[in-house]
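Colleague: Here the protein sequences come in this chain order: H and V.
Under full-length UniProt numbering, the first residue of the first sequence is numbered 1, with each subsequent residue one higher.
Under full-length UniProt numbering, the first residue of the second sequence is numbered 1, with each subsequent residue one higher.
Careful, some of the hints might be misleading.
[To be verified] Once the Cα atoms are required to be at most 30 Å apart in a straight line, the calculated DSSO-like pairs of lysine-lysine come out as:
#	chain 1	residue 1	chain 2	residue 2
1	V	K192	V	K161
2	H	K190	V	K326
3	H	K131	V	K326
4	H	K18	V	K192
[Stated by the list, open to error] Per label pair, the in silico range of CB-to-CB distance:
#	chain 1	residue 1	chain 2	residue 2	range
5	V	R108	H	R243	50 to 56 Å
6	H	E298	V	K14	40 to 46 Å
7	H	P77	V	R108	37 to 43 Å
8	V	A195	H	Q109	50 to 56 Å
9	H	S326	V	V358	19 to 25 Å
10	H	P154	V	K14	25 to 31 Å
11	H	S88	V	K14	38 to 44 Å
12	H	S326	V	I540	35 to 41 Å
13	H	L278	V	V229	53 to 59 Å
14	V	R105	H	R66	56 to 62 Å
15	V	R105	H	R23	43 to 49 Å
16	V	E185	H	N312	53 to 59 Å
Rather than coming from a laboratory, the hints here were simulated on the basis of the structure.
From a predicted model like this one, the values you see are computed outputs, not experimental measurements.
Glycine included, every Cβ here is placed at the ideal spot set by N, Cα and C.
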Amino acid sequence: MPRINEVIGHREIVQTLKNALQRNKVAHAYLFMGPSGVGKQVVARALAGALLCESPIEGDACGHCRSCRQNEGGNHPDLHIVGPVGTSLKIEQIRELQKQVQYKPYQGQRHVYIMEKVDTMTQEAANSFLKTLEEPSGQTVFILSTDQPYALLPTILSRCQQCQFRPLRNQEVVEGLMRYCQLDKDTAKKLAPLSGGSLGRGMLLAEGGAWPLREQALKVSQRLMQMDELEALRLAEELSEDRGQAAECLAILLLWFRDLLIYHYTEDRHLLMNQDKLEMLLDQAQRYRPGLLLAIIEETKQARERILANANTRMTLEALLLKIHSYGG
Amino acid sequence: MAYKALYRTWRPQKFQDIVGQQHITRTLQNALLQGKVAHAYLFCGPRGTGKTTTAKVLAKALNCLEPASGEPCNHCQNCLAVNEGNSVDVVEIDAASNRGIDEIRDLRERVKFTPSTGRRKVYIIDEVHMLTDQAFNALLKTLEEPPGHVVFVLATTEAHKVPVTILSRCQRFDFRRIKPAEMVERLREVAKGAAIEVNEEALWLIAKAAEGGLRDALSILDQGAAFAVDTVTAGDIHSILGTVQQDILQSMVKFLADGKTGEALQLVSKLADLGKDLRLFTREMTTFLRDLLVDSIEGRGTGEQISNDNLFYLLKLLVQAEQDMKWSSQPGLVLELALVKASRPELGGSLEALTQRVAELERQLASGTLPRSRAPEITMPAEPNPTPTPPSPSRTDPTEEKVPVTPVNKTIKEGISPEKTSLHVGGEDVSGVVRQGWPDLMGDIKNGKKPLWILLNETKPSLEAQGNIVTLFFEDDFDVRRADKPEYKKYLEWLLGKHFSGSWEVRCVHAKKPPLSTLKPEEDPVYTEAVRIFGKDLVILENDPSETGGVK
Numbered sequence: 001m002p003r004i005n006e007v008i009g010h011r012e013i014v015q016t017l018k019n020a021l022q023r024n025k026v027a028h029a030y031l032f033m034g035p036s037g038v039g040k041q042v043v044a045r046a047l048a049g050a051l052l053c054e055s056p057i058e059g060d061a062c063g064h065c066r067s068c069r070q071n072e073g074g075n076h077p078d079l080h081i082v083g084p085v086g087t088s089l090k091i092e093q094i095r096e097l098q099k100q101v102q103y104k105p106y107q108g109q110r111h112v113y114i115m116e117k118v119d120t121m122t123q124e125a126a127n128s129f130l131k132t133l134e135e136p137s138g139q140t141v142f143i144l145s146t147d148q149p150y151a152l153l154p155t156i157l158s159r160c161q162q163c164q165f166r167p168l169r170n171q172e173v174v175e176g177l178m179r180y181c182q183l184d185k186d187t188a189k190k191l192a193p194l195s196g197g198s199l200g201r202g203m204l205l206a207e208g209g210a211w212p213l214r215e216q217a218l219k220v221s222q223r224l225m226q227m228d229e230l231e232a233l234r235l236a237e238e239l240s241e242d243r244g245q246a247a248e249c250l251a252i253l254l255l256w257f258r259d260l261l262i263y264h265y266t267e268d269r270h271l272l273m274n275q276d277k278l279e280m281l282l283d284q285a286q287r288y289r290p291g292l293l294l295a296i297i298e299e300t301k302q303a304r305e306r307i308l309a310n311a312n313t314r315m316t317l318e319a320l321l322l323k324i325h326s327y328g329g
Numbered sequence: 001m002a003y004k005a006l007y008r009t010w011r012p013q014k015f016q017d018i019v020g021q022q023h024i025t026r027t028l029q030n031a032l033l034q035g036k037v038a039h040a041y042l043f044c045g046p047r048g049t050g051k052t053t054t055a056k057v058l059a060k061a062l063n064c065l066e067p068a069s070g071e072p073c074n075h076c077q078n079c080l081a082v083n084e085g086n087s088v089d090v091v092e093i094d095a096a097s098n099r100g101i102d103e104i105r106d107l108r109e110r111v112k113f114t115p116s117t118g119r120r121k122v123y124i125i126d127e128v129h130m131l132t133d134q135a136f137n138a139l140l141k142t143l144e145e146p147p148g149h150v151v152f153v154l155a156t157t158e159a160h161k162v163p164v165t166i167l168s169r170c171q172r173f174d175f176r177r178i179k180p181a182e183m184v185e186r187l188r189e190v191a192k193g194a195a196i197e198v199n200e201e202a203l204w205l206i207a208k209a210a211e212g213g214l215r216d217a218l219s220i221l222d223q224g225a226a227f228a229v230d231t232v233t234a235g236d237i238h239s240i241l242g243t244v245q246q247d248i249l250q251s252m253v254k255f256l257a258d259g260k261t262g263e264a265l266q267l268v269s270k271l272a273d274l275g276k277d278l279r280l281f282t283r284e285m286t287t288f289l290r291d292l293l294v295d296s297i298e299g300r301g302t303g304e305q306i307s308n309d310n311l312f313y314l315l316k317l318l319v320q321a322e323q324d325m326k327w328s329s330q331p332g333l334v335l336e337l338a339l340v341k342a343s344r345p346e347l348g349g350s351l352e353a354l355t356q357r358v359a360e361l362e363r364q365l366a367s368g369t370l371p372r373s374r375a376p377e378i379t380m381p382a383e384p385n386p387t388p389t390p391p392s393p394s395r396t397d398p399t400e401e402k403v404p405v406t407p408v409n410k411t412i413k414e415g416i417s418p419e420k421t422s423l424h425v426g427g428e429d430v431s432g433v434v435r436q437g438w439p440d441l442m443g444d445i446k447n448g449k450k451p452l453w454i455l456l457n458e459t460k461p462s463l464e465a466q467g468n469i470v471t472l473f474f475e476d477d478f479d480v481r482r483a484d485k486p487e488y489k490k491y492l493e494w495l496l497g498k499h500f501s502g503s504w505e506v507r508c509v510h511a512k513k514p515p516l517s518t519l520k521p522e523e524d525p526v527y528t529e530a531v532r533i534f535g536k537d538l539v540i541l542e543n544d545p546s547e548t549g550g551v552k
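So that you can see chain H by itself, here it is in the shape it has in the complex (with noise of 0.2 Å):
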C-alpha cells in the first residue's frame, strides 16, 4: 500500500490532496483522469489509505494502524472497489453502491469508493449514478479513475474535482524504475524515454516484456523502404498472427517514424524518445524525406486505429505496407 508522500511525480495533485486531507477539505468526488500506467490507481490508493487511517501523520497513513494493516491486506471493510464486470460497468453495480452508501460505514468514519475505468459505465449507470455522485449521505468520498474522460458525461465530469494525471517526467519514470524494477541507472536512462512518460509501459519493457516486439518492429523499419510486394505481403502475414501485437508494432513504428521527423526539423537528440538507438535513426534519417516520413506516420496511424477498432488485421497490414511500398519504395 503506496502512501501520499511516497507517490513519483503528480506534484500538484499530490499538493492538493496533502492540503486538503490536513486541512480536513477533502471534497466528496475526485476524478483521476490521465493516461494509462502514470499511477492513477497508485495515488487512488494512497488518498483512500490516507482517509481510512485510524491515526494519520499530517494528513498521510501512519501506515500501523489497523486500518492501514488492513488496506495492506486488501481486507478494509468501508473500501470498495468498484470496477467493469465484463466489458462495462453496469447499473446494477451502481444500484449496489447506492444501497451500500445509504448505510453507515462499518468500521471507520466513513466509506472509500475507488471505481476504475468509469468511462466504461453504461449510459443507464452513469445517469443513475449522477445524483448520488452530487450529494453522497455522510463522509462518503468517490475516487473515479478513468483514462479516456472525455467518453463520461459532461454532467458526471462536473461534480467531480477533476485531477488530470500528465505522463510522468523522464526522471521521473527513471526514479520509478530504479525503485521498483531494481534497474541500475544507465539502464533506466535509456528506457524511460521509450515509456512515453508511462510508469506501467516503462515496468513492463524493464521486465523484457516488449523488447522483442521492438525489436522485430525495428526490423521492419529498416527493411521497409528495400523490400517488394511479395515481401510486404509476407511480414503482413507475419505481423498479423495476433491483433494486440500487431497493434502494438505500429505503436513502436509510430514512435520510430515521429522521431525521424522530428529530428529532422531539430536536429536535437534530446527530443528523441528512441535513446537507445541513436545510431540507427540517425543512419535511416537520412534516407527519409519529410513529406514521406508524414505520409507514412498517417498511414500507420490510422492503420492502428483500425486494427483497434477490429477491422482484419492481416488486410489492414497488407494494405498499409504495400501503400508504404507505393510511395516509395
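Given chain H's structure and the hints, the job is docking chain V onto it.
Modeller: Coordinates of chain V only, in the frame set by chain H:
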C-alpha cells in the same frame, strides 16, 4: 462536521442568488406572486447552470409559510425541511435510477395524496431524459392533468431525448451557459464567504475554464483553495488545469506562421516536460487563433500580420488535432504531426496544399508552358481498333512471338461465328505471298468472271491475308455489297486454292481508308503498343508496304 464541496454549501437558496438566469427566475417569481404557477415545468440546459437549484427554490417558495415577493424565507419549518432534504411534500426523484414503468406507476399512486404540511406537493424529477419509453408514456396522463395540489418539475441536460408529448405538456425553460463576467461575480462572493483568498486574474481564468458551468467553476476554486498556500493565484490555477500563459501561445503561433518547425517542436517538448496537458494546450491554441482570426477579419489586427487564409489553415489543423488527441493513445504524436503540417503547408496532403498545386498547374496551362507531350505509351488510339491479339497458347508455331501488325479501322461486316474467327486469328501473315500472285489471279478472274474483274479493277481494294483468310478492303460501302456475294467469294476461294494450294476464305470488308497506305507502320498505334509491350527486338514488321507496294 465533514467538509462539503463549495458547490454544495453554496447552492443558492433564493431566486435572487441564482446567477445568469434572470429570464427564468423573473418569470417564476411573477407566476408565484400572481398565483399562476403551472402544474408542470421542464428545465433544460447544460450542466452546472442551475436547473436543480431553481427547482428546489421553486419548491420552497411554493410551500413557504412566509413568502416575501416570491422568494422563500428559508426560516420557516417547510423551507428548512426542504433545505435538509427531509420534506414530505417535496419529492426529489432521480429518474436515472428509477427509470422504469413500475416507479412511475408508484408515483401515480402517491400523487393522489394531499400535501401534509405545505400547500403543494412538488415532484422534482431530475435527469428525466433517462426514463424509459414506457415510463414516459405512463407519465403522460398524470402530467397533463394532475390533481390540483401537485407541481411537477422535470430537469434534464438533454431535452432532445424527451418525447414531444412530454414537452408539449410542460412549460419549458432553457437555462443558458453562465457568462464569465457573471460567474466571476458569483465566484468572488463565494470566495469571500468561504474565506478563500483569490486574486482577480485567477477568477477570470476559472470562469473561462468552466465553460459556462458554475459547478465546474466552484470545483476548480475548491481545488485551487486546497492547492494554494494562502492566496489562490493565476499560476496556481494554471498548474491545476495544466494550461499555459498567453505569451507561449503567441510565440507558438509565430513559429508556425514563419515555418520554424524545429522551434515549434522544441517548444512542445518543453511544455510536455513542464507537465502541461498537451490537449489543453491545443485547445488554448485554437481559442487563441480564433481570436486572432476574428481580430484580423474585423481589421483590428495588431503587430505582425498573418494572412487570414493562413490563420484559417492553422486553426483548421489544430481543431482537427484536438479532436484526434481526445481518443489517441499518443496525443503528443498527434500534436507534433499537426505542428509539422501547420508550419509546412506544402507537406500536408491537405485540400489546401492540393488547391495550391492545382492553381499552379492552371497557371502553367494558361500560359502554355506546360509540356504537352503525347507519349505513345499513354495516348490511346483515337478510334476503336481491335487490340493486338495475343497468340493463342495452344499453338506452338514459332512465329507466335511475332506480333502481327494488323491494320486498324476494320469493321467486320460479315457475321462470322466466333469460333471460326478464333481459329484463324493470329495466323501467319501471308499477305506478301498473296499480293505477289495477285496479278496472275486477276488475269484468271478476267477470263472467268468478267463482272468481278471489272469491280476489282475499278475499286482496287487493298488486300490482306492472314493464315488462310484473305480480306479485301473496299473504300465504298456500295462496292462491298457488290463484291460480297456468295458466288464471287466461292469463285475467289476456289481460285486462291488453285494458285496457292489449301483451302481459303475470303472476306469483304468496308474500310474508310486504305489501311496501310496512309499510315507508316512505325506510327501505327498497334505497332507502337506492341513495341511497348514486347520490346523492339521482338516485334518484326512484315509486309512493309514500302517494300511490296500493296495491291493497288
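Colleague: Are any of the numbered hints broken by this structure? If so, which, sorted upward?
Modeller: 1, 6, 8, 13, 14
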